[in-house]
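Given the coordinates of chain D, assemble chain A onto it according to the supplied hints.
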Amino acid sequence: MTPFLEVAFYVAGVIAVLSTALAISRLVAVHALLYLIVSLLAVAVAFYTMGAPLVAALEVIIYAGAIVVLFIFVVMMLNLGAEARKTEREWLTAKTWIGPVILSAILLAEVIYLIIRAGPHGAIGDVVTPKEVGLALYGPYLIGVELASMLLLGALVGACHLGRPAPRKAERSI
Amino acid sequence: MTGVPMAYGLILGGILFALGLAGLLMRRNLLFILVSIEIMLNGAGVAFVAAGSRWGQPDGQIMFLFILAMAASEVSVGLALILRLNRQHKTLDADAASEMRG
Chain D
128 MTPFLEVAFY VAGVIAVLST ALAISRLVAV HALLYLIVSL LAVAVAFYTM
178 GAPLVAALEV IIYAGAIVVL FIFVVMMLNL GAEARKTERE WLTAKTWIGP
228 VILSAILLAE VIYLIIRAGP HGAIGDVVTP KEVGLALYGP YLIGVELASM
278 LLLGALVGAC HLGRPAPRKA ERSI
Chain A
293 MTGVPMAYGL ILGGILFALG LAGLLMRRNL LFILVSIEIM LNGAGVAFVA
343 AGSRWGQPDG QIMFLFILAM AASEVSVGLA LILRLNRQHK TLDADAASEM
393 RG
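Protein sequence lines, in the order shown, are assigned to chains D and A.
Converting from the first sequence to the numbering used here requires adding 127 to each position, the first position being numbered 1.
Converting from the second sequence to the numbering used here requires adding 292 to each position, the first position being numbered 1.
These aren't lab readings, by the way, just hints derived from the structure by calculation.
Since the model is a prediction, treat every value here as computed from it, not as a measurement.
Positions of the beta carbon are idealized from the N, C-alpha and C atoms, including for glycine.
Honestly, I wouldn't trust all of these hints.
[To be verified] Quick list of simulated restraints, FRET-style, between CB atoms:
no., chain 1, residue 1, chain 2, residue 2, range
1, A, Ala314, D, Val157, 38 to 44 Å
2, A, Thr383, D, Gly290, 15 to 21 Å
3, D, Asp253, A, Lys382, 53 to 59 Å
[Stated by the list, open to error] Pulled from the structure, derived: some chain A residues nowhere near chain D, Cβ distances all over 12 Å:
no., residue
4, Ala386
5, Asp387
6, Ser390
The following block holds chain D by itself, in its conformation from the complex (with noise of 0.2 Å):
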């Protein structure tokens, strides 16, 4: 048993809970993106913390990367406007950011705790490594890729389906 991983993970879980909790009671979207971004790095922590490097880092490139990031370009286009500027300004105060970055920066503390404690090669506790998981992605769980680019092939077709310019009356039928 190694003591030091589960308190990183039990610290990681408190932080995991605190934000999701505060990322579904804001009142203004960008500010629970924020959480939620702060959330899906903790999750990220934990997953280390489990020994999976490969999901770990997986949550913060696509979670934290690309999905949270498609939030913000809807939220960005959804409020396009005149009082766009003024209510920025009124949001970018101490009071909006202090949250998130007083629970990154836990976050970051113990991720460089970790890195020091990982030794040389990286490696902490039992750990499924990613060969593991890329061979048996590939083996016995081939036919799930595959569904898994249909699906998001058909996502990609829907999207672009529903995000069109509106058409015109006459040819509004869906």
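Then chain A, alone, in the frame of chain D:
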């Protein structure tokens, strides 16, 4: 076996899922509903990874990868629907889309 017991990973996943469900039921804003669904999917993924790392097998992580692909496609379609609804109704209220009665 890693240092983190499986039960705590499952508890963390359950708490995240419950928080996402609470947000889904509390909010009427479509954007927050999508965020809550993301939180719920993430909680399910935490449970999968915790259970997979308990046995030292990669299967839990592979299920998380599938959840990730599903979440990405779901978010893209959902956000396109939100943009569409905002264009037609000028609001993000979920109750505004209630005129389609079957």
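Right, here's what the structure says about each hint:
no.	hint	result
1	Ala314(A) - Val157(D): 38 to 44 Å	violated (21 Å)
2	Thr383(A) - Gly290(D): 15 to 21 Å	holds (18 Å)
3	Asp253(D) - Lys382(A): 53 to 59 Å	holds (54 Å)
4	Ala386	holds (14 Å)
5	Asp387	holds (18 Å)
6	Ser390	holds (17 Å)
Checked against the numbered hints above, the structure violates only hint 1.
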